[in-house]
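Each protein sequence line maps, in turn, to chains W and B. For the first sequence, the working numbering gives the first residue as 1, with consecutive numbering after it. For the second sequence, the working numbering gives the first residue as 1, with consecutive numbering after it.
Derived from the structure by calculation, the hints contain no laboratory data. Quantities reported herein were computed from a predicted structural model and do not represent experimental measurements. The C-beta atom is built at its ideal place from N, Cα and C for all residues, glycine as well. Among the hints, erroneous ones may be present.
[As the list claims (entries may be wrong)] Computed far set for chain W versus chain B, every beta-carbon distance over 12 angstroms:
1. V137
2. F275
3. R509
[Stated by the list, open to error] DSS-like cross-link-like pairs, simulated, lysine-lysine; straight-line CA separation at most 27 angstroms:
4. K515(W) / K53(B)
5. K44(B) / K515(W)
6. K515(W) / K612(W)
7. K515(W) / K302(W)
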Amino acid sequence: MSSCHASAPTLDPDAPIILIGNPNVGKSAVFGALTGRYVEVSNFPGTTVEISAGAVDGIPLIDTPGVNSLQPRSDDERVTRNILLDRPPRAVIQVADARNLRRSLLLTLQLAEFGVPFILDLNMSDEAQARGIAIDVKRLSQALGAEIVQTVATRHEGMDDLRARFESSRPIGYRIHYDGAIETAIEKISALLPHDLNGSRAIALMILGGDDHLLQRYAAAHADSVRDVIADTQAGYDQPLSYVITQQRFTCVDCLLNQVVTANGIRNTHYAENFGRLSVHPLWGIPILLLVLVGLYLFVGKFGAGVLVDFMESTVFDEWLIPFISPLINLIPIPFIVDLLIGNYGLITMALSYGIAIVMPIVLTFFIAFGILEDSGYLPRLAVMLDRPFKAMGLNGKAVLPMVLGLGCDTMATLTTRILETRKERIMVTLLLALGVPCSAQLGVLLGMMSMLSPLAITVWGAVVIITMFVVGYLAAQLIPGKRSDFILELPPIRIPQLSNIVIKTVARLEWYLKEVLPLFLLGTLILFALDKTGALAWLEHLASPLVVSGLGLPAQTTGAFIIGFLRRDYGAAGLFHLARDGVLNATQLVISLVVVTLFVPCIANVMVIVKEHGWKTAVWVVGFIFPFAFGVGVLLNYALRLFGVTF
Amino acid sequence: MICPLCGYEYDEKNLSCHSSCPMANGCAILCCPNCGYQIVDESKSSVASWLRKLLNKNDPKVVNIQDIEVRKNQ
Numbered sequence: 001m002s003s004c005h006a007s008a009p010t011l012d013p014d015a016p017i018i019l020i021g022n023p024n025v026g027k028s029a030v031f032g033a034l035t036g037r038y039v040e041v042s043n044f045p046g047t048t049v050e051i052s053a054g055a056v057d058g059i060p061l062i063d064t065p066g067v068n069s070l071q072p073r074s075d076d077e078r079v080t081r082n083i084l085l086d087r088p089p090r091a092v093i094q095v096a097d098a099r100n101l102r103r104s105l106l107l108t109l110q111l112a113e114f115g116v117p118f119i120l121d122l123n124m125s126d127e128a129q130a131r132g133i134a135i136d137v138k139r140l141s142q143a144l145g146a147e148i149v150q151t152v153a154t155r156h157e158g159m160d161d162l163r164a165r166f167e168s169s170r171p172i173g174y175r176i177h178y179d180g181a182i183e184t185a186i187e188k189i190s191a192l193l194p195h196d197l198n199g200s201r202a203i204a205l206m207i208l209g210g211d212d213h214l215l216q217r218y219a220a221a222h223a224d225s226v227r228d229v230i231a232d233t234q235a236g237y238d239q240p241l242s243y244v245i246t247q248q249r250f251t252c253v254d255c256l257l258n259q260v261v262t263a264n265g266i267r268n269t270h271y272a273e274n275f276g277r278l279s280v281h282p283l284w285g286i287p288i289l290l291l292v293l294v295g296l297y298l299f300v301g302k303f304g305a306g307v308l309v310d311f312m313e314s315t316v317f318d319e320w321l322i323p324f325i326s327p328l329i330n331l332i333p334i335p336f337i338v339d340l341l342i343g344n345y346g347l348i349t350m351a352l353s354y355g356i357a358i359v360m361p362i363v364l365t366f367f368i369a370f371g372i373l374e375d376s377g378y379l380p381r382l383a384v385m386l387d388r389p390f391k392a393m394g395l396n397g398k399a400v401l402p403m404v405l406g407l408g409c410d411t412m413a414t415l416t417t418r419i420l421e422t423r424k425e426r427i428m429v430t431l432l433l434a435l436g437v438p439c440s441a442q443l444g445v446l447l448g449m450m451s452m453l454s455p456l457a458i459t460v461w462g463a464v465v466i467i468t469m470f471v472v473g474y475l476a477a478q479l480i481p482g483k484r485s486d487f488i489l490e491l492p493p494i495r496i497p498q499l500s501n502i503v504i505k506t507v508a509r510l511e512w513y514l515k516e517v518l519p520l521f522l523l524g525t526l527i528l529f530a531l532d533k534t535g536a537l538a539w540l541e542h543l544a545s546p547l548v549v550s551g552l553g554l555p556a557q558t559t560g561a562f563i564i565g566f567l568r569r570d571y572g573a574a575g576l577f578h579l580a581r582d583g584v585l586n587a588t589q590l591v592i593s594l595v596v597v598t599l600f601v602p603c604i605a606n607v608m609v610i611v612k613e614h615g616w617k618t619a620v621w622v623v624g625f626i627f628p629f630a631f632g633v634g635v636l637l638n639y640a641l642r643l644f645g646v647t648f
Numbered sequence: 001m002i003c004p005l006c007g008y009e010y011d012e013k014n015l016s017c018h019s020s021c022p023m024a025n026g027c028a029i030l031c032c033p034n035c036g037y038q039i040v041d042e043s044k045s046s047v048a049s050w051l052r053k054l055l056n057k058n059d060p061k062v063v064n065i066q067d068i069e070v071r072k073n074q
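Chain B extracted, bound-state conformation (with noise of 0.2 angstroms):
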C-alpha cells in the first residue's frame, strides 16, 4: 500500500487497529505509520474485492503459505 497523501508504502497487513479507537473492532480503516492519513481497506470489502477479482481476471491463483516451506532459522 502507498500512502495517497505522503507516499510511504506500507504493508497493510502489518497494521493493527489503533488501541485508542472506539471503533476498532472490525475496523476497515488503515492508517498510514508514516503520516496517519486513513484509507478504506478494499480487501474488507467485499463488493470491491469481487470487483477487483474480475478485473484482475487473468491473474493466476494463488497458493497456501503453508505449502511453501520457510524454515526456522535460529
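Chain W with its partners taken away, still in its complex shape (with noise of 0.2 angstroms):
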C-alpha cells in the first residue's frame, strides 16, 4: 500500500456536509450536537428511508442512516452510497465509534476511495479511554492523511473542534493496494466509466464487488467488457470479489489498528468497570441490587411520598387552593355542579387531588429515579439480574424482557410478549405482566404506601407477591415445558449521569405521564360521583362487603378505590394510599390492600391490547382468573394473619 494525496474534485459553493458512520456509533447525538435538533425529515427519493437535514454555521448538514459498509446490502446503506454520488458535498464527517475502531476504518477506508474532503470524527472517546483504548490520534492521522478530531457528542465536547476542522478537511490520503488483479480490474473498469465522474476508483471496486446497479447507471454502453473484467477477475479467486476485497481492506485496518491502538491496564482498574462487573455477580450483584432498591424506596417513598406529598396535599391543595377555590365555587347556585368539583367524590377535591397532589410528586420522584438507573447504564444490569429467578421458575429466557419491559408500562410489554415463540408462553406471559408486575406508576405509588409500613411488613408483602408469582411462574413453565432460550443483551458501561438530560427525561415523562392520566383520573371521579349520587356506590359497597370487610378485613370505603382500580391500578392505588394517610386503614389493613393492589387486574388500556393481541376470550380468561385470584391471595393473607396473631 501507498500513501498519496488525491486532489479534491470542484467544490459546490452550496454543498452540503454529509454526516457517516457505523450503525450505533452516536452519529445521531453528533449530528444534534452540531445542528441543535433535528429539523426536517424526509423520504429519500425513490425510497423509504427517511434522511436527516439541518445547518451548522450556515452549511447544510445531512445525517445519513447508519452503513456498515458502501458496497449496498440494504435500502440505507444503497441510500447513504447515493448520497455520497449524486452530489460532491463541501466534506464528510465520518463519526466512528473510539471503542470499536476497527469497524470504522474498514468504512473510513471505503470512503477513501471516494475522494471526498474528509474529517474522522472519533466519538465515544471517554468510553474508550475507560475502557484502557488508546489511541495515538496523531499517528493516525499522520498513517491516514486526514483530519481527526476527538469528541463525546452527548456532552458536546470536541464540537467547537470539529467545527474549525470543516475548511481545512482533506480528502483522505491513504490508498489501498490491492492485489495486483484487482488493481488491474480497477484501471480496466475506470477506463470505461465516464471521464469526469468524481470518486470512479471506488465506483469501480463495487461494481467489480458486484453492483450491478452501478454498472448500468454508469457504464451501461460497456456492460458486456465490464462483465468480461469481472469474471476473468473472479477465475483467479475461490471466494467472491467482494469478499477478497473485504479482507484485503482488513487487512490494512489491522495494519493501522497496530500502529496506533493500545489496550492499556486501566481496564482491570477503572471504578465503573469493576462497578458494572460486580453489579451482575451472582453474588455481589445482589447487594448492590438490594443498595438500589433501598435508595429507590427512600427517594421515592421516603421523599416523595412522604414530604413532596404532604407538602403538595397538606399545604398547597388544603391551605392553599382548596380554601380559595371553595367559596367561588359555592357561589354557583347549583348544588349538584358545587358538589361535582369540591364534594367527596368531587373533580378538584378527587380527580385533580389525586392527579397532582398524590401521584404527581411520586411519580416525579420515580422518573427522576428511573432516569439516573437508564443513564448510569445500570438498568441493563437489572435486567441481567431478574434473569436469574425468572429461569430458576423455569420460564423461557427470552419472557424477562417482556417482564422487565412490564417495569414501564404492562400494556407496551403485553406487546413484546410477541418475541415469544408459542401462543401458550405469550399468554403466560402476559398473564403474569397483568398479574404481578406493577408498572412505573403503580410502582411508584406502591413505594409510597410502603413508607408507611415497617421493614417487617414490607418483608411480608414482599415475600407474599414473590411467592405468588414463583408459584404462578412455576405452574406457568409445567404447562409450557418449551425450549430455553438465552437472553442476550449488550451492556453499556457504567457512567454518571447528567444532570441536564436527567431533567429534560423526567419533564418531558411528567408531562406525558399528566396528558394521559388525568383524563382518566377525570373519568374514573366521575364514575363513582354517579355512582354515589344513584345510590349504586352504596349498594355496590354493600354487595362487596362480605368480600371486602369480612374477607380482606377492611373497610367498606375501600371498595371506591377497588373500583377505579378498574381504569388504572395506580389511581386505585392512589386512592388506598389517600385513605391510608386519613387513618382510615391500620398498617395491618395497609398491607393486605397492598397486596390486592399489587395483584390486581390489569387497567383497561392492558386489557384493550389483551384483546387485541389474543382475542376477547383470552382477555376475559385473564381478568377472570385476576380478579378472583388477587382479593383470594389478600383473604388467604387476612386469616393467615389474624391465625398466628400477627399486626404491624
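Reassemble the complex: the two chains are provided individually, in unrelated frames, and hints are given to aid placement.
What follows is the structure, encoded as C-alpha cells:
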C-alpha cells in the first residue's frame, strides 16, 4: 500500500456536509450537537428511507442512515452510498466509535476511495479511554493523511474542534493497493467509466464487487466488457470478489490499528467497570441490587410520597387551593355542580387532588430515579439480575424482556410478548405481566404506601407477591415445557448521568404522564360521583361487604378505590394511599390492600391490548383469573395474619 | 436515540406507532426496534423542548430540508 494525496473535486459552494457512520456510533448525537436539534425529515427519493437535515454555521448538514459498508446490502446502505455519489459534498464527517475502531476504519478506507474532503470524528473517546483503549490520534492522522477530532457528542465535547476543521478537510491520503489482479481490474473498469466522474475508483471497486446497479448507471454502454473484466478477475479467486476486497481492506485496517491503538491496564482498575462487573455478579450483584432498591425506596417512598406529597396535599391543596376556590365555587347556585367539583367525589377534591397532589410528586421522584438508572447503565444490569430468578422459575429466557419492560408500562410490554415463540408462552407471560408486574406509576405509588409501613410489613408484602409470582410462574412453566433460550443484552459501560439529560427526560415523562392519566382520573371520579349520586356506590359497598369487609378485613370505603383501580391500577393505589394517610386503614389493612392492588386486574388499556393481541376469550380468561386470584390471595393473607396473631 | 436498555441506536423519526396500540393516536412513546423498551419522546413534550432549547441556546440555527437539494438518483 502507499500514501498519496488525491486532489479534491470541484466544490459546489452550496454543497452540504454529510455525516456518515456505522450504526450505534453516536452519529445522531453528533448531528444533534452540531445542529441543535432535528429539523426536517423526508424520504430519500424513490425509497422509504428517511434522512434528516439541518445546518451548522450556515452550511447544510445531512445525516445519513448508519452503514457498515458502502457496498450496499440494504436500502439504508444504498441511500447513504447514493447521497455520496449524487452530489460532491463539501465534506464528509465520519463518526467513528472510538471503542470499536476496527469496524469504523473499514468504512474509512472505503470513503478514502471516493476522494471526498474528509474528517474523522472519534466519538465516545471517554468510554474508549475508560476501557483502557488508547488511540494515538496524531499518528493515525499522519498514517491516514486526514483530519481527526475526538468528541464526546452526548456532552457536546469536541464540537468546536470539529466545526473548526470544516475548512481544512481534505481527501484521505491513504490508498489501499489491492492484489495486482484487482488493481488491474480497477484500471480497466475505470477506463470504461465517464471521464469526469468523481470517485471513479470507489465506483469501479463497487462494480467489481458485484454492484449491477452502478454498472447500469455508469457503464451501461460497456456492460459486456465490464462483465468480462469481472469474470476474468473472479477466475483467480475461490471467494467472491466482494469478500476478497473486504478481506484486503481488513488487512490494511489491522495494520493501521497495530500502529495506533494500544490497550493498557486501565481496564482492570477502573472503578466504573469494576462496579459494572460486580453489579451482574451472581453473589455481589444482590447487595448492589438491594442498595439500589433501598435508595429507590428512600427517594420515592420517603421523600416523594412523604415530604413532597405532604407538602402538596396538606399545604398546597388543603391550605391554599381549596380554601381559595371553595368560596368561589359555592357561589354557583346549583348544588349538584358544586358537589361535582368539590364534593366527596369532586373533580377538584378527588381527581385533581389525587392526580396532582398524590400521584404527581411520587411519579416525579420515580421518573428522576428511573432516569438515573437508565443513564447510569444500571438498568440493563438489573435485567440481567432478574434473568436468574425468572430462569429459576423455569421460564423461557426470552420471557424476561417483557417482564422487565412491564416495569415501565404493562400495556406496551404485552405487545412485546410477540417475541415469544408459542401462543401458550405469550399468553402465560401476558398473564404474569397483568398479574404481578407493576407499571412505573403503580410502582411509585406502591413505594409511597410502603413508606408508611415497618420493615417487617414490607417484607411480608414482598414475600407474598414474590411467592405468588413464583408459584404462578412455576405452574406456567410446567404447563409450557418449551425450550429455554438465552437472554442476550449488550451491557453499556457504567456512566455518571448528566443532570441536564435527567431533567429533560423527567419533564418529558411527567408531561406525558399527566396528559395520559388526568383524563382517566377525571373519568374515574365521574363514575364514582355518578355511582354515589344514584346510590349505586352504597349498594356496591354493601354487595362487596362480604369480600372487602369480612374477607379482606378492610373498611367498606376501600370499595371505591378498587372500583377506580379497574381504570388504572395506580389510581386505585392512590385511593388506598389517601385512605391510609387519613388513618382509615391501619398498617395490617394497608399490607393486605397493598397485596391486592399489586396483584390487581390490569388497567383498561392493558385489557384492550390483550383483546387486540389474543382475542376476547383470552382477555376474559386473564381478567377472570386475576380478579378472584388477587382478592383470594388477600383473603388468605388476612386469615393467615389473624390465625398467627400478626399485626404491624 | 440510544436505547437505555439494550444500547441499540435508532432514529426515532423512522419509528411509527404500533398498529395494535389502543393509544396510538398522538402517541408520545418510542419503542426500541431492537428490544421494545419504551421511552417518552422528548420532542413531543413542549416543556422538555423548551428546556432543551434553553440548555442548548448556543447551538446554531437550523434550516429547512427544502433548502438542501438532494437530487433523485434513479
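Does F275(W) sit more than 12 angstroms from chain B, CB to CB? It holds; F275(W) is separated from chain B by about 17 angstroms at its closest Cβ, greater than 12 angstroms.
Check whether the Cα positions of K515(W) and K53(B) lie no farther apart than 27 angstroms. holds, 22 angstroms
Was V137(W) rightly flagged as not at the interface, with every chain B Cβ beyond 12 angstroms? It holds; V137(W) is separated from chain B by about 23 angstroms at its closest Cβ, greater than 12 angstroms.
Check the hint pairing K515(W) with K612(W) against an upper bound of 27 angstroms on the C-alpha distance. Within the cut-off at roughly 24 angstroms; holds.
Hint consistency between K515(W) and K302(W) [alpha-carbon to alpha-carbon, up to 27 angstroms]: Judged against 27 angstroms, a Cα distance of about 26 angstroms means the pair holds.
Given pair status - K515(W), K44(B), alpha carbons within 27 angstroms: Measuring from Cα to Cα gives roughly 12 angstroms; hence the hint holds.
Grab the minimum beta-carbon distance between R509(W) and chain B and tell me whether it stays above 12 angstroms. At about 5 angstroms from chain B, R509(W) fails to clear the 12 angstroms cut-off, so the statement is violated.
Hint 3 from the list above is the single one not met by this structure.
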